[in-house]
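Chemist: Residues per chain are reported as follows:
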Amino acid sequence: MRVPDDDTVTASHAISPDLSDFARQVRGSYRMLLRRRLGILAVIAGCIVASVVLDFCLGPSGLSVGALIRTLLHPHDVSAGQSVIVWQIRLPYALMAVCVGAALGLAGAEMQTVLANPLASPFTLGVSAAAAFGASLAIILQWRLPGVPDAWVVSADAFVFAIGSVLLLDMVSRRRNAGTGTVVLFGIALVFAFHALVSLLQFVANEDALQDLVFWTMGSLTRATWPKLGLLAAACVVVAPLSFRAAWKLTVLRMGEERAASLGVDVPQVRRGALLRVSILSALAVSFVGTIGFVGLVAPHIARRLLGEDHRFYLPGSMFVGALVMSLSSVAARNIMPGVVIPTGIVTALVGIPFFLAIVLRRQGLS
Amino acid sequence: MNGLFAEHVTVRYGRRTVLDDLTVGPFPTGRVSALLGPNGSGKSTLLRAMAGLGEATGRVMLGPDELSRMSLAQRTRRCLYLPQTLPATVHLQVLESLLAAQNATGVMPDVTGGDEIDAALHMLDIFGIADLAMRYMDELSGGQRQLVGLAQALGRHPDALLLDEPLSALDLHHQFAVMDVLRRETERRNIVTVMVLHDLNIAVRMTDYDVILRNGKIIASGSPRTVITPDTLRQTYDIVARVETCSRGLPHIMVDGLS
Ligand SMILES: Nc1ncnc2c1ncn2[C@@H]1O[C@H](COP(=O)(O)OP(=O)(O)OP(=O)(O)O)[C@@H](O)[C@H]1O
Ligand SMILES: [Mg+2]
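Keeping their order, the protein sequence lines are chains V and U. Letter by letter, the first sequence follows residues 1 to 367 of the UniProt record's numbering. Letter by letter, the second sequence follows residues 1 to 259 of the UniProt record's numbering.
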């Protein structure tokens with residue numbers, strides 16, 4: 001057997017007589033690698049749980065941890081006020097953070113893969129901007145879709161535009177000869193277009209509406225309600241397995257579009273499927289909580305560094321990292337300034353950027 | 001008919017017709033064939049058309065089977081195109097990239113679990129890069145990645161291998177090593193191997209059936225000695241060249257200048 005001793009490629013002219021020792025070694029380290037990745041996923045999952053508990057327990061209501069947990073376990077034994085705080089505010093906040101982060105993380109991961117662009121995310125390609133425009137129509141012009149109950153008007157309008165923007169991206173990507181670069185540029189054009197439209201509406205808005213809109217675009221988890229949470233969670237539960245099923249194909253797609261096609265992957269079909277899933281997840285998340293797009297950009301990069309690009313691990317990893325970052329941001333949002341809940345969108349970017357820079361700069365240092 | 005055979009192939013990019021009603025082959029089984037021609041002559045286009053990538057009309061036969069009637073997944077199992085571009089620099093280990101290539105369209109028949117890893121390692125070993133198995137693709141040199149691409153392709157065990165400039169990033173040693181491997185595996189598996197080459201000396205010495213393409217038209221096809229002549233080289237590349245016999249009696253192409 002040839003001993004793999006250095007980096008230079010050593011050519012063998014005969015099929016090596018005995019690979020088995022080396023094979024055993026490699027198989028061992030591959031198995032270790034898989035186990036390590038599962039371990040990392042488990043650790044992140046553990047952190048998410050810890051963060052949710054923290055998110056649930058810390059906060060400006062003056063309730064002790066014991067009281068909170070008692071309310072959770074025996075909702076009928078405590079005062080109505082306390083029960084409302086726990087069940088209608090604390091719990092949906094904490095869980096919404098996780099769901100939004102997971103949805104945006106997965107959406108960003110799939111987008112970066114199918115568009116072959118590390119800058120792709122619901123935020124950078126116009127989904128958030130489109131949602132903001134939808135929201136501004138609702139807030140400023142009181143435009144509403146027929147049959148939508150009051151509590152859902154802003155979200156519904158935001159959702160319509162968000163999903164519309166991804167479908168537009170999809171349409172562009174379907175055109176023959178539309179490279180991934182074209183799609184990304186189109187997405188950036190969408191960002192600017194919707195920002196301009198939102199500014200236009202802001203320009204004509206009255207003061208109250210303006211304030212509402214500005215607040216909306218900052219993104220906040222305080223809009224979480226059980227029905228919205230349920231809808232988003234259901235979307236995650238339905239969509240994530242579909243993504244995971246495409247994991248091999250997406251992994252191969254990372255090696256280059258032409259190469260993937262030559263290996264039998266129907267690239268346009270995979271891309272359409274992914275964009276459809278992305279549109280549902282990101283549009284729902286953004287329309288419920290506002291412009292919290294940053295997670296969708298950062299989570300995939302963090303997951304890629306931690307877990308590599310085998311999409312069987314990268315996709316769930318990106319989901320988990322997104323959920324964790326979001327949940328930590330939610331904790332920070334409510335505890336940085338006593339008594340004030342800072343809009344989560346702001347905190348997400350501030351919490352996410354150090355992570356992001358650390359990883360990106362470290363990577364450049366290596367290469 | 002034996003071998004790989006393309007009939008009446010037409011490929012257009014937009015309004016430009018690159019290949020017009022081209023009939024080529026049969027590329028023989030168990031032998032390595034070369035596709036030669038200047039830049040932009042349509043070599044990649046022809047290989048892609050035969051592999052079923054991109055839009056093309058015409059009929060492609062592999063032995064008795066009509067490839068052009070199969071689904072993309074089925075067709076790429078039988079006939080695999082290796083792109084001219086090197087594999088991308090992704091954060092994937094070499095071994096993983098081979099497993100992914102195997103699994104792209106569902107698990108390969110009769111390779112599962114641990115055997116899959118063995119098979120992948122064996123492929124890497126054939127190309128002398130088993131020691132790179134656990135290295136990341138984004139930390140490899142261009143030539144190393146090209147070898148990984150070749151291992152991915154051979155690891156799929158297709159019946160026809162269409163390699164687009166598989167030697168372009170390799171040093172002299174590896175060019176010969178890879179040619180050796182390809183010839184041996186092609187014969188052992190009794191498959192069709194067609195490769196795009198720019199090195200005429202390799203073509204004339206190490207391939208068995210050559211086709212020269214220029215502007216989407218076939219200039220010559222047949223055995224290397226009959227195809228690679230001063231006359232065809234002038235027609236194809238606009239060069240003045242001689243085919244000399246070296247001291248060992250092997251053909252050698254000498255280029256004297258442009259014509
Ligand atoms: N995607 C494309 N769109 C438009 N024209 C193309 C495209 N790809 C190739 N062509 C054109 O088709 C012709 C044949 O290209 P092809 O890539 O097959 O050449 P080639 O023989 O492989 O060249 P090279 O040796 O440089 O790789 C060229 O004139 C090229 O300009
Ligand atoms: Mg080419």
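Don't take each hint at face value.
[Said to hold, decoys possible] Derived contacts from chain U toward chain V, CB cut-off under 7 Å, selection only:
no., residue
1, V90
2, E96
3, A133
4, L250
5, P251
[Stated by the list, open to error] Non-contacting residues of chain U with respect to chain V, defined by C-beta distances greater than 10 Å in every case (computed):
no., residue
6, T10
7, T23
8, R69
9, L72
10, R75
11, Y136
12, D231
13, R248
14, I253
15, M254
Think of the hints as simulated: they come from the structure by calculation, not from any bench. Computed from a predicted model, the values in this text were never measured in an experiment. Note that beta-carbon positions come from the ideal geometry of N, C-alpha and C, so glycine has one too.
Chemist: Evaluate each hint against the coordinates.
Modeler: Checked hints:
1. For V90 of chain U, the interface hint holds, since its Cβ comes within 7 Å of a Cβ in chain V; the closest pair sits about 5 Å apart.
2. At about 5 Å, the closest approach between the beta carbon of E96 of chain U and any beta carbon in chain V falls short of 7 Å, and the interface hint on this residue holds.
3. Checking A133 of chain U against chain V by beta carbon gives a least distance of about 5 Å; that is within 7 Å, so the hint holds.
4. Interface hint status for L250 of chain U: violated, as the beta-carbon distance to the closest one in chain V is roughly 19 Å, over 7 Å.
5. For P251 of chain U, the interface hint is violated, since its Cβ never comes within 7 Å of a Cβ in chain V; the closest pair sits about 23 Å apart.
6. Here T10 of chain U stays apart from chain V, with its beta-carbon at least about 17 Å from theirs, past the 10 Å limit.
7. No beta-carbon of chain V comes within 10 Å of the beta-carbon of T23 of chain U; the shortest separation is about 23 Å.
8. Every Cβ of chain V is farther than 10 Å from the Cβ of R69 of chain U; the closest lies at roughly 16 Å, confirming the non-interface assignment.
9. With a closest Cβ-Cβ approach of about 6 Å to chain V, L72 of chain U is found to fall inside the 10 Å limit, against its non-interface label.
10. The beta carbon of R75 of chain U sits about 8 Å from the closest Cβ of chain V, which is not more than 10 Å, so the claim that it is off the interface is violated.
11. The beta carbon of Y136 of chain U is not kept farther than 10 Å from every beta carbon of chain V, the shortest such distance being approximately 8 Å.
12. Consistency note on D231 of chain U: stated as away from chain V, and its beta-carbon is indeed over 10 Å from all of that chain's, at 35 Å minimum.
13. The Cβ of R248 of chain U lies farther than 10 Å from every Cβ of chain V, with a closest approach of about 19 Å, so its non-interface assignment holds.
14. A cut-off of 10 Å between C-beta atoms confirms that I253 of chain U is not in contact with chain V; the least separation is 25 Å.
15. For M254 of chain U, the non-interface assignment is confirmed: its Cβ lies about 28 Å from the closest Cβ of chain V, beyond the 10 Å cut-off.
Hint check: violations occur at hints 4, 5, 9, 10 and 11; the rest are consistent with the structure.
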